[in-house]
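Using the sequences provided together with the hints, build the complete structure.
If you read the sequence shown in this note's numbering, its first letter stands for residue 11, the second for the next number, and so on.
The hints are simulated quantities; they were obtained by calculation from the structure and are not laboratory data. Keep in mind that the hints are not guaranteed to be accurate.
Simulated restraints, written as ranges between beta carbons of each label pair [stated by the list, open to error]:
id	residue 1	residue 2	range
1	Gly184	Pro284	47 to 57 Å
2	Ala213	Leu120	48 to 58 Å
3	Thr114	Lys181	15 to 25 Å
4	Glu149	Ala213	51 to 61 Å
5	Gln309	Ala213	22 to 32 Å
27 Å max Cα-Cα, derived DSS-like pairs, lysine-lysine [said to hold, decoys possible]:
id	residue 1	residue 2
6	Lys92	Lys74
7	Lys168	Lys153
8	Lys74	Lys27
9	Lys217	Lys189
10	Lys168	Lys179
11	Lys124	Lys60
12	Lys218	Lys296
13	Lys257	Lys217
14	Lys257	Lys218
15	Lys116	Lys74
16	Lys124	Lys58
17	Lys218	Lys195
18	Lys27	Lys58
19	Lys196	Lys218
20	Lys49	Lys75
21	Lys212	Lys153
22	Lys257	Lys239
23	Lys49	Lys74
24	Lys217	Lys153
25	Lys177	Lys212
26	Lys195	Lys179
For glycine and all other residues, C-beta sits at the position ideal for the given N, C-alpha and C.
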Amino acid sequence: MKKTKSGVVIKKKTYTKKYLIEHYQISDEFDVLSWRKTKGGDIRITVKHKTCGCILERNALAFKKGIKHKCRAGYTEETLRKKYGIGEDYLIRGWDIDEKGGVTLKLTHLPCGKEYSVQEHRIRHGWRCRCAQSLTEEELREKYQIPDSYEIYSWYRKEITGITIVKGKHKPCGCEFEKMASVLKKEECAECDSRRRRAEEKANFEKKVSELVGDEYVLAGEYHGIREKVPLYHSKCGRVVNIIADKFLDGARCSCEKRIEKVDIDRYLDSFEPNFTIEKVKSGYKVTFKDSGNEVTMQARRIRQEATCLCEPTYFTRKKKS
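See the structure below:
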């Protein structure tokens, strides 16, 4: 009860569930749970949809106009796939409907086996499994700029680091690999690059050998690197010797050049004489050749090897003038 300014007593209206249903024509498909009055004087009614269990709160007058509720109880796997665009690479294990009618889907991503519970609004906004298998091969190539020279077998994402790993084959060389997708941008694979560099190093080594000793020593097998032994054919004695590549460039030679008897030295000195002079400098020894006047700087070991080779005369010696 309350009084107006004129003193007239007005009876306060009492709302009941029956009154609300009859007055606002609430459909039988809804069960009235509660109601409240807002500060503005509107009546808000909370109802539960009997079929799907959705709980709604609406303005009382909205029920008079007729509420069109989209009941979610009739969902099937087919309708869910169509509604949310879920592909065949996902298994729908089930779905839940919350009090407000929101759908939560229970999914398994078949390529990687991960299980998820995903709310419908996330799916609408483009949610998908973050594993590498969720990418198509075309998307994978575009994302990591993988050229067509690579044939891709499969790909996956590492659980801890999240790095995408690709398994495949490099078509030009046939080399199979399992590498990070981010390192496959070059047309050349790592094996091709290694072979190319080894070929360049081998050519460079052969060039240096030729500059040092001409055709006296010839590479007679595989070249595996500057710090590895290489087989070299020594034409003067006919043997194949294994010498570390950089040691050869520093002056190491066939052991036959070290087995020299006194008689060999006497015979050699009867016909030949030194063709050079030596001067010590900071970086080694400056060698000046008498015939040509050319000057080169060398290390002592190389000078010793070249100047004392008695297989036959070298540019360090010259025939004695008769």
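| said: Let me make sure I understand: some of the numbered hints might not hold for this structure. Which ones are they, in numerical order? | reply: 3, 4, 6, 9, 11, 15, 16, 17, 19, 21, 24, 25
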